[in-house]
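Starting from the known structure of chain A, arrange chain B on it as the hints suggest.
So the sequences go chain by chain: A and B.
According to numbering that gives the first Met the number 0, the first sequence is numbered sequentially starting from 0.
According to numbering that gives the first Met the number 0, the second sequence is numbered sequentially starting from 0.
Wrong hints could be hidden among the right ones.
The calculated PhoX-like cross-link candidates involving lysine-lysine, where the alpha carbons are at most 20 Å apart (straight line), are [claimed, not checked]:
hint	chain 1	residue 1	chain 2	residue 2
1	A	Lys58	A	Lys1
2	B	Lys145	B	Lys124
3	A	Lys231	A	Lys121
4	A	Lys60	B	Lys91
5	B	Lys53	A	Lys58
6	B	Lys192	B	Lys145
7	B	Lys167	B	Lys91
8	A	Lys41	A	Lys1
9	A	Lys58	B	Lys266
Treat the hints as calculated values from the structure; they're not laboratory data.
The primary structure of each chain is shown beneath.
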Amino acid sequence: MKPIHSIITTTLSEIKWSLEISDLLLQKQLALKSILENHFQKNILEIGVGFKTLGISWKSKFPFKEVQALIDQFEEMEEYAPLSNKVWQIPACYDLELGRDLENLASAKGLEVKALIDLHSKNNYRLHFYGFLPGFMYLQGLPEVLFTPRKSLPDASVPAGSIAIGGNQTGIYPSVSPGGWHLIGQTPIILFDPSNTPPVWASPGDLIKFNPISIEEFKSIQQNPQQPVWEK
Amino acid sequence: MKENPYMTILRTGPGTSIQDLGREGLGQYGIPVSGVMDSISMRWVNHILQNPEKEAVLEISLPGLKVHFGSPTIICIAGAKANITLNDSPIKSEGLFLINEGDVLSFGSFIMGSRLYLGVKKGFKVPIVLNSKSSYQGITESGMLKKGDQLEYSSIHEHQNPTWSTVKFDRSWMDSNTIEAFHGPEWGELADKNKDKIQNGVFTISKLQNRMAIQLEELIPNLLIEMSTAAVYPGTVQLTSGGKLIILMKDAQVTGGYPRILHLPEKSIAQLSQKSPNQQFIFKIINFE
Chain A
0 MKPIHSIITT TLSEIKWSLE ISDLLLQKQL ALKSILENHF QKNILEIGVG FKTLGISWKS
60 KFPFKEVQAL IDQFEEMEEY APLSNKVWQI PACYDLELGR DLENLASAKG LEVKALIDLH
120 SKNNYRLHFY GFLPGFMYLQ GLPEVLFTPR KSLPDASVPA GSIAIGGNQT GIYPSVSPGG
180 WHLIGQTPII LFDPSNTPPV WASPGDLIKF NPISIEEFKS IQQNPQQPVW EK
Chain B
0 MKENPYMTIL RTGPGTSIQD LGREGLGQYG IPVSGVMDSI SMRWVNHILQ NPEKEAVLEI
60 SLPGLKVHFG SPTIICIAGA KANITLNDSP IKSEGLFLIN EGDVLSFGSF IMGSRLYLGV
120 KKGFKVPIVL NSKSSYQGIT ESGMLKKGDQ LEYSSIHEHQ NPTWSTVKFD RSWMDSNTIE
180 AFHGPEWGEL ADKNKDKIQN GVFTISKLQN RMAIQLEELI PNLLIEMSTA AVYPGTVQLT
240 SGGKLIILMK DAQVTGGYPR ILHLPEKSIA QLSQKSPNQQ FIFKIINFE
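One chain only, chain A, in its complex shape:
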């Protein structure tokens, strides 16, 4: 179905699809984003990806008809640029001390802790966009059995690097923050570094894979934190 482009203000507009969240939709979103960015290089400040939207911030009043024409043209395309095949390897320590909700969550699911870890670490997760906190990745791909409603009373302080589950998503807290998700582990890597340009390492469309590590490995990487590596 054709996406709808609507005007919010003279310098803000949004393109919205009535489709389910999927790799295919993300592929369309990123392809159209790149077409718009190329075509309106001088006029677009930024395009913010959402699960079903592209939010466009314009530097000045924008040519609505020209945007619409590009969208119409885009809809006739049969092939889009493929999604990235980068898989970022994230060391993840599922120690019970670091994942303070791991035992409770496993027992609520009727799973052994190890089975929960296996379920969480076997999938690749797709990065759709950043939001919530600087460097927080919105990931899709959590196995349905791990879907868990958020805590009714959020934790006042969640450590940076915490790996967590909330609703139908998993994520990593890039910095210390209050948080309502269930903590199942922690990564020693740096997720957001404001002294880098860009301050994050993964791009929308990339994949994220959690690789279980021991508490000793966690401490050793923490001594000398690095950016993760990616494989294809």
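Relative to chain A, chain B alone:
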């Protein structure tokens, strides 16, 4: 003589920070825009000081700030009207002031408005992180300023400008209780009676207000509009599942999952940031031209 061009914070309430016009175009990394809540007052300060329009200023949102200047400069104040003293003598809360080495500036109770802006000639020399001097915990070294912090500036020794006494800061826009708003992306999904409530109702600023958001007292019955997480901006008005209206301000996160029923332009954001809890206003819907 050795120059000591630092402004030292002798005392401060919470809510004093360095802000410029913020970080544009970095929402894609989850980075809030930040920047001054009231850009009208901030721009006036920089204009009067003949600073670049984006130069960082001090944003003061509660009484209690007391600062010491280590070297001469020229400052400009605007925004809220407050009881301000320079070396214990009352001064106006707007306009240019000469500062001598050792001067102490104190900000007492606010008489009108909620945010004061203090600029120095040539600006504060604080690090630029991701294109901006605006404080944001996790991006800049520190978030809010605290006692003992020192901000560097340029010493200014030339002290004559005959036009000073004539500068006037107009606060009439601050007083207005009409807040202009565009329809937000999910406006069309509201039931007619709720559209009516928003267009014709009176709204009250609640105590839950800070640099991230202002929550309103009135509830709009929840309509169960569901949406997927999408981009939000300073000025986005969200309707939560509990029926609360939340107006996102400058430090707001860049994505949200609540329906976005209105969008406020920059002037409305500035007006609301000068209002205090219990103050009331109405929304006036405007259209893009």
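Hint-by-hint comparison with the structure:
1. Distance restraint check for Lys58 of chain A and Lys1 of chain A: the Cα-Cα separation of roughly 26 Å exceeds the 20 Å cut-off, and the hinted pair is therefore not satisfied.
2. Between Lys145 of chain B and Lys124 of chain B the CA atoms are separated by roughly 17 Å; this keeps the pair inside 20 Å, and the hint holds.
3. About 16 Å separates the Cα atoms of Lys231 of chain A and Lys121 of chain A, which keeps this hinted pair within 20 Å; it holds.
4. This hinted pair does not check out: Lys60 of chain A and Lys91 of chain B have alpha carbons roughly 39 Å apart, beyond 20 Å.
5. Of the supplied pair hints, the one linking Lys53 of chain B and Lys58 of chain A holds, its CA atoms being roughly 16 Å apart against a limit of 20 Å.
6. Straight-line distance between C-alpha atoms of Lys192 of chain B and Lys145 of chain B comes to about 47 Å, which puts the hinted pair past the 20 Å bound.
7. In summary, the hint linking Lys167 of chain B to Lys91 of chain B is supported, as the alpha carbons are separated by about 11 Å, within the 20 Å threshold.
8. Using a Cα cut-off of 20 Å, the hinted pair Lys41 of chain A and Lys1 of chain A is violated, with the two alpha carbons roughly 26 Å apart.
9. Proximity of Lys58 of chain A to Lys266 of chain B is assessed by CA-CA distance (about 17 Å); at most 20 Å being required, the pair is judged to hold.
Comparing the model with each earlier hint shows violations of hints 1, 4, 6 and 8; every other hint is respected.
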